[in-house]
Amino acid sequence: MNYLPTTILALGLMALDGWAFAATTGDASRGAEAAATCASCHQSDGSGKNNEQGEAWPRLAGLNAEYIAKQLQDYQSGARENATMKSFANMLSDQQILDVARYYSEMSPTHDQGSTEASEAVLQRGQMLAERGDWSEYIVSCKSCHGPDNQGAGAVFPGIAGQHSRYIEAQLKAWQAETRKNDPQDLMGSIARRLNDEDIRAVAAWLATQPPELTAEESQP
Amino acid sequence: MKSMIAYAVLSGSLLCTTAVVASDRTEDYINALTELGFPAPEDNELVHIPPTMEDLEQSGMHPELKRVIRRGYDLFTNTQQLRGENVFNNMNCSSCHLGEGRMPFSAPVWPAAVTLPGYRGKNDHVNNLEERIAGCFTYSMNGKPPAYGSDNMVAMTAYHQWLAKGVEMYPDKPIYGRGFPAPERPEELSYANGEELFEENCSVCHGEDGQGLRVDGQTVFPAPWGDGSNNWGAGIVRLVTAAGFIKNNMPLGQPLSLTDQEAWDIAYYMSSQERPQDPRYTGDIQETLEKYGPTFHKHSLYGQTRETDGKVLGDHSNTGDKDFLKPESVHPRTFE
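Chains as they are written, first to last, in the numbering used here: chain R, 1 to 221; chain X, 1001 to 1336.
Bear in mind the hints are in silico, worked out from the structure with no lab data behind them.
Errors might be hidden in some of the hints.
Said to hold, decoys possible - Stretch-level coverage of chain R by chain X, calculated; a stretch enters the list once three of its residues show a Cβ under 8 Å from a Cβ in chain X:
id, stretch
1, 132-138
2, 145-157
3, 175-189
Quick caveat: nothing in here was measured; it's all calculated off a predicted structure.
For each residue, glycine too, the CB sits at the ideal point set by N, CA and C.
Looking at chain X on its own, in the form it has when it is part of the complex (with noise of 0.2 Å):
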């Protein structure tokens, strides 16, 4: 009786310094954030920041799974070793998961660790770890998702798990600083506001066509669209995705320094040019529209004619670099 009491102390006592430790990297987050004008976190939401590598060499976790998650942290970060077999443009995942998807405000990805199995409105069915993963693959990065239960989708898996560690599964709380929260949609949205703003505030690392730059073989900036983006399918070409993201995180370094209206005029200028064709294309666009437009597409300008030059965005054949338009893994599940 008396060791299993000094057991509970102990174990409260070392729950109450990780606890320490993991709130004063909280703090020095949430400072940094609101300093820089995101807001705090609200009483009823769930704030969590993930812990570092560091702190996984530090941890007494098992060798090997510390191997595993490296290697699904580098897989996170350098995603374009996967080229030409998974990937088929210039997309990491940490080009849109910024801070190596631990970051508020920067669609952190740890959530998705905790809250799936879901049902995801996207493709109508409950959804794995493994399967959400699988869409940032067909999408974002216009490619073929590593095979379920394969070396790497198990190692990015873990990762996703280390980062989401010590939260509760199936949280009912809001998650503090989820996805990319976006400001309010203005009145008026302007192409040529929102070409003029890429010029000034975009271009010198995105390139003036969009193109992005690559060096030795890695890319350096994304490209926001064109054959080297992420196609017609990907989160990001919902404009209030693509506004959320642009206003949360660009320029680089400079979070909230753009006004709502010119990141939504950045969104919508920069979500009006061409990319991949989606890979739920049935090989009519009105036919995809009809299909994806109430659980997708509503938000995109895909299908709309561009007002400049009167061309109807994604319609075409274009899969970018890839020879298939839709990987084999994509397909409805019934559970029956």
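One chain only, chain R, in its complex shape (with noise of 0.2 Å):
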């Protein structure tokens, strides 16, 4: 008689905690469906695609879900600026939002099939911005917040590793015209806006050269 009382407590923090679960996070398979309508731009295996033409769709397989979800929240809220996406991230409610960006982050991450020609002389540029920055202009690294290999770090720092050169492009582009400020803090748009054309070629390049995701035998200890 005397547990009663208790297990009643008990179920209730459960129900609560069961509440707070589906508010914060999402269900792949109930994102497999709510993702149809944007795989005809993303593909069914999250790859996207490096067009040569108009928009590039960026590989979203394997990137960070609470990071997909800010960027579709922000496509609807405007934060983020783009007229393709507002309409498909409008038709998403809150909790697709989350659904969808589990899905995706639970996929393999692809590799971008090396659709950029770049000369060596580029590529190492690239490299030595990505890898070291470059501190005569004060551009730091992009691994210093984008993590080990570039492969992503946390919520808030995207996988760029293995990522479309010409998505790479636009973004930084976008930033440096202030176009896209959804970043916390400037953090990325101080850095853009001392890229020039040449430097952001070269990192855009030589990113998309790079494994996204570890290999089974380097992840070895």
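Need the complex rebuilt from these two chains, each delivered in its own frame; the hints are there to steer you.
Following this line, the structure appears as structure tokens:
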């Protein structure tokens, strides 16, 4: 008898827990249904496409779920501007955003298929910017925020290794032009504004050649 | 005689070529820094922008020396490879010495190579470059220094000396951008303001609880306090050093963007949090303070009572991830 109030309390807490859980996390299988409309550009494997004309469609497969969700929320609110994405994001409910984000985050990351032609010198400059930066211009390396091998760090700094070069270029130019500014504290914007066109081309080309995640062999301790 | 003149002319022109390249680089850096609001060098200052790793590859140095300097560079920028052996927190050398230890106003490390051996107030004796680096391992890395003369120690000193290439030993002039020059301390420091500013400006990378961020066993964002951070004996626990670091370097890519008051308030908040014990701890905080207050802790909050909860800072025996307090290599020298 003495146990009853405790049991009721425990059940109550569990129910609360369940509610909080649903509101902050997505469900990948529900996400798969909601993502049907996304696949025409982002592809059924989440690989996107490095279109040679018009907008490049970013790879979403394997990106952090919270990062994807924030971008969709930002398209809805206008914090990130893109006419196409705004209309697609507006079709999603708050829960569907979390579900779609979970769905893509659980896919195996795909690798840009080497669609960019770049000389060895350009790739070298790109590698330097990505891994070490160019402090003569106070350009800090991509890696210092985007994490080891630029494969992403937490919910805020997405993996950019293996992302399509034309997408990376377009985003860096958008930050320069301040048409994209949904980064925390202008962390990306302040660096993007110090890059010149050649830097942008170089860093995007090099990042596109890099593996988006450690291979099984490399991740062995 | 003729050939000697020819040689002198030739070496003169070679020197000129090198000097032009170096001065171009120096000019680029000074321009970038002054555009960001850093002061231009004063006439009497020694200005040195170290050579890069690309310069190393192109230099005529012995391939084996290049290999060792490369190793020093690798240890400097990924010190976590010594985790559990020499490093017992989440720091890399380059966590504090930004730009691979090359940047003015981010405690560039090359001055150590040209001013040491030198007297150091912190341990009251003459230290050489190895002992200075050992100090960083003892305090900032909460660790145990690589042995004097070991491969890793030689590689790190070689990297420091490479960065100092061309600078005279024991220069008389003051060094441009040495250390973390701090803005003047404001009259009042506010913990509450520091906390709010930290949450607004720093926590996105360094975490709400100052834990920083690690990915795949590598540090992306260092921990400003807690077991993953430097211990109470590290230079950056001095408020003036922390304020200078923050003002000159943070948020990353946006130096001098915080006001002087903001930088100091964040430093005050950060320095009011716990971290592993000072390796010089005698077992009693008051006694430790008496010994090391005059030369060091008069600038830190060690042993002081935190205003928010009455906690005495540093009054504990937690050594973080290591199972010892003081590495054996830390001892006085008398030269007798």
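Exercise. How does the coverage statement for the stretch 132-138 of chain R fare against chain X, requiring three or more residues with Cβ below 8 Å from a Cβ of that chain?
Worked result: Coverage by chain X holds for the stretch 132-138 of chain R (6 residues, Cβ < 8 Å).
Problem set entry | Coverage criterion applied to the stretch 175-189 of chain R (partner chain X; beta-carbon cut 8 Å; 3 residues) | n = 4 at 8 Å, threshold three: holds.
For this session: Report holds or violated for chain X covering the stretch 145-157 of chain R, Cβ cut-off 8 Å, minimum 3 residues.
Result: This one holds; 9 residues, not fewer than the three required, reach chain X with a Cβ under 8 Å.
When the structure is compared with the earlier hints, no violation turns up for any of them.
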